[in-house]
Every structure is written in C-alpha cells, then in structure tokens.
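In the order they appear, the protein sequences are chains A and B. In terms of our numbering, the first sequence opens at residue 1 and continues consecutively. In terms of our numbering, the second sequence opens at residue 321 and continues consecutively.
No lab work stands behind these hints: they were computed from the structure. Incorrect hints may have been included.
If you want the footprint, here are the derived chain A segments under chain B, 3+ residues with CB under 8 Å [unchecked claim]:
(1) 148-155
(2) 166-177
Negatives, chain A to chain B, calculated, CB over 10 Å [unchecked claim]:
(3) Asn107
(4) Gly114
(5) Pro238
(6) Tyr252
(7) Ala260
The model shown is predicted, which means the values in this text are computed figures rather than measured ones. We put the CB at the ideal spot given by N, CA and C, even for glycine.
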Amino acid sequence: MMDFYTSNLVLIQATLIGLLLALSIQVPLRMGVFSFAGVGCYGIGAYGGGILVIHYHTSPLVTIVLAAVGAALVSFGLALLINRLGGLYLGMATIAFDLIISVIAVNGGDLTGGPTGLYGAITSISMGLVFAIVVVAVVVLTLTERGRLGRRVEAVRDDPELAASMGIKVRRYRIAAFVVSGILGGAAGSINTMLRTTVGPTDIGFALVVLALTMIIVGGARSWLGALIGAIIFTWLPSILEVVGQWQHIIYGIIVALAAIWVPGGLLGVLTEGWRAFQRRRRPPLSTVPVVAIDDAPPDADLAVLEELAEDSPVERSAT
Amino acid sequence: MTVESTVETAVLEARDVAVHFGGVRAVDGVSFRVTPGKIFGLLGPNGSGKSTLLGAITRLVPLTHGSLLLDGEPFHRVSAADVARRRVARTFQTVRLLSDLTVLENVQLGGDLRPGSFVSRVFGRTAAPAVTEAIARTRLTGLEKLRPGELSYGTQRRVEIARALAMRPSLLLLDEPTAGMNQSERREISDLLKQLRSEGLTQLLVEHDVQMMIDTCDYLLAMNFGKLIAAGPPDVVVRDPAVQQAYLGKKWREQHA
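Could you build the full structure based on these sequences and the hints that come with them?
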C-alpha cells in the first residue's frame, strides 16, 4: 500500500487537484449556472500563490487561504457583472474571463514571469494539508447536496421560477455559486503551484476547462462523488493509455462522446439509477400501499367537456 | 370595473392591473378585492388572462401598470421570493414538481420557508409539522418516498397543493388544481378547499369546472380578453349574459335553465 502511494504520489496529487478543479466547475453547474470561471480562479490562485510564496515567503496554509479568498473576491465581482446573463452567453463570458487571466499571465512581466512563468515557489507543503483541505471541501459540499440546502439548490437549478415562488432568492444562490467556485479554484491553483514549485501560462490555459468538464460529464454532474470518479479516471487514464501513444486523444474524445450520449448522468448517474431500481424492487408494489390514487380521467377530459359546453360560443378561443 | 365585495380590509387588492406582452393585452386593467377567509373563483375561457393574472400577483410576470396590495400594503415592486415570504403560496397550471426529489422532499421545499433553528436550516431532514400535516390533508401519506414520475397525474397535482400548504400560506392561489382529475377526486379537492376556508384561509381559485366553482366559491370573477366582465356571488355571475356569451355556451344555459 505504502509502495503504491509513494510510487504514484504525483498522480495522487494530480487527482486531488483535479477533484478540486472539477468541483469548482461543478458547483455552479449544479445551480444551473453555466460558468467556467473556476478555471480563471484556478489561474489566479496558481499565480497569486506563487507570487506570495516567492516574494513574501508565506506558509502553505496562509498561501492557500489568501489565494482562495482573493480568487473568490474576483469571482464575486465577476458574478455581479455578468449575473444577468443566462445560459450559453454566461458560459462565453466566463470563458473570456479565463482567457483574460491567461493573457495577464503571459504579459505580466516580472510579476508573472511572462511566457516562462514562475519558478522556485518552494514551501513545506505536506500531503496531510492537501488531504485535509480536500476533505473539508467535500464535507461542506455534501451539506449542499442534502437536506434543506440540497432541495433548494435542486430547485434553483431545475426550475428557478418555482424556486422563487417558494421564497428562494435565486440571485443570491447564483452569486454564491460563483464565490464557492472561486474558493475551490483558487485553492486548487495555489496547491498545484506549491506542490510543483512552478507555474507557467500553459498550466492554466483553456485545456483545463476541457479537462474539468470531461471529468464532470463522465463522472457525474450532480454530486461531488461524480467529480471524484471523473478526476480519478482522467488523471490515471493518460498513464494507462501511454501504450497507444498519439491515439490517446482520440480515445479520450470517444469516451467523452459516448458518456454524453448514453450516460448523461455520468457514471454516478448509472449507479444512482441502479440503487433506486433496487430500492423499488424491495418496496411493496403500489397496490398494497394503503392510499392509492385513482385516475380514470385522462388529463384532457375536462377540456373535452369544456369544448362541448362552449361549442356554440361566438368567442374565438386560442389554446393557452 | 371595481368590485367592492365588503368593506373589510382586503387580503389582496388589485388596482387597474395590466400585463401587456408587446401588443397583446393579456391582462388589461383589472381591479378587484379578495376579502379574508373567502374563496374567490376566477372564471374565463383559455387565453382570457387568468394565469397571467396569477403570475402578476406572484411577481413572476412583470406588471405593465397598476398596483397590487397585500393586506393594504403595496407589494408589486418586491421580488417573487419576497411575495412567497409574505405567505402567498401558489400551485401551477402545469405540474411543476422536481423530478429528482421524492414526494416528501418536494413538499418539504414548501415547508423550508420556516427553517427554525440553525441545525434544521442546514440539515432539515426531519419533516416539519406543517409538512406532515400538508401530506396528510392531501392524502399523500404512504407515498412520501416515491418520485413524481411514479405517480399518476392527479396525484402529482395533489403534491403541488401539499407543497403550497406546507408554506402555511395566508393567501393560496390555485391554478386549475383539479385538471386531469376524475369526479371523486375533484369533490375531494373541493372539500379540502372548503375545509381550509373554514380555518380562515383565503383562496383564489382558477378552474374550468363551472359546477365545482359554483359549489366551492363565495365569489366569482369572470374574465375575457384580459378584462373583468362580471363579478359577484356565483349564481349571479353564471347568469350574467356576458359570461354566458363568452364562456358557458348554449348547452350549459339549456341544462341550467
């Protein structure tokens, strides 16, 4: 076990960072917010963390906290700016935000190290700290998937209008999604910089948007567990696929396409459906449940009666 | 057209409310007062503006002009969520349940409005008394763990009503709550609404079943082309020539002559 851990440490680290990054994209998606700003926040965290360590010699925990708070503030400002956009337009705006962060990284002069990036961000970061942060993130997100908060998040995504008529302030939830996404992205970026002691423009590019989305689509978009499944698959798959060389990317693409077409809920969705089917089989059939709904009338029966009643009405009726 | 039902303070008052979609005047200058503890019925052909009016009251549809008052206080500028927080609950014409949640969780969504302690705010897994009561009153006991997709259409409608009741509303707006239900189910809903009235709950009911409206409502408001064409006690409104012309038709007149 210990051998496995030490010989695969780099992959384990990459899995945990991939998980945080995937979560930073998943949180807004779970609330119906099509935002990829988490990747830009990852960039802010990665460079911000690097600058803090190199110039101010901050400790790992302080670096992570400052990077997360800074990224969250930027994300909050972005949310106020583009909150009124919806769907694809919001997605485009957040991708533009990610690209702007990349451009700043390349053109930041001495501060960002330009095209070569930053080197020598050496700290005493321990894997214990990284695990602890991932666990805290997962525990907090679990709370948003269950109980009162879980139901409300579900309502905000599925039917914002209904959510509003249940007294839910939908706009606040959407802005909160940006902030949480910023915290997760910022933390992931700073951890990555400290573990690798270096960060460059290629580490924070558009490829991360694709990677994070891939993890969520294949793993499952509804729960942190889906993000974990995705993070594990797409961190370990490349090393397994090394044997096929340049065909790697094609196999990648095929996996994503197959997942999107046949398992829209991701692998986690398959597991959840299986569990529910199992529960249904264990439950007594509906006919033995004491209260049974009787529905003989088809949904349109009352309309038919109405039509009959109103046959001779001079008023032109339009279907609602 | 102004209707002064009584002199007491209205739970809901609409003053010259209009909702225009471009050139379409879906609601065109409607004024009425809904008095406490009564069931008001909203009658009219499809497309006459009934649902749009409910949308305007719940602030999901923006008002073009006019004003709305809740217990004498204007509220047409607050958000939809704030209207709900003032205990205005509604059901929708098309069933709007969250398909991934169970019946219990869907009803809890209404009960969540009153969270109570911090613990129940975050976790909120045990059902509040309002939720249990709403489920029992709509005869959903035993079905709590099912998901909407596993229920018949009429039962789904009852979940809609339960969710609204779980909000412990002071004003309940019902948009065709019995659509797709059979006669016995309709009677049951009608009985439930009357029982809620006896407990003091004010209701505004949109329905196409005229007989049910006559049996259930204290007052009827009839709409056509976005305007109120008649208002008053049910037996008066259904005899109104304009209402018969616009909505009821010859057969109904003959049957009820």
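Okay, the hints, checked on the actual structure:
1. 148-155: This one holds; 6 residues, not fewer than the three required, reach chain B with a Cβ under 8 Å.
2. 166-177: holds (count 5)
3. Asn107: 42 Å, holds
4. Gly114: 46 Å, holds
5. Pro238: Holds, because the least Cβ-Cβ distance between Pro238 (chain A) and chain B comes to about 33 Å, which exceeds 10 Å.
6. Tyr252: 29 Å, holds
7. Ala260: Given a closest Cβ separation of 19 Å, the condition holds.
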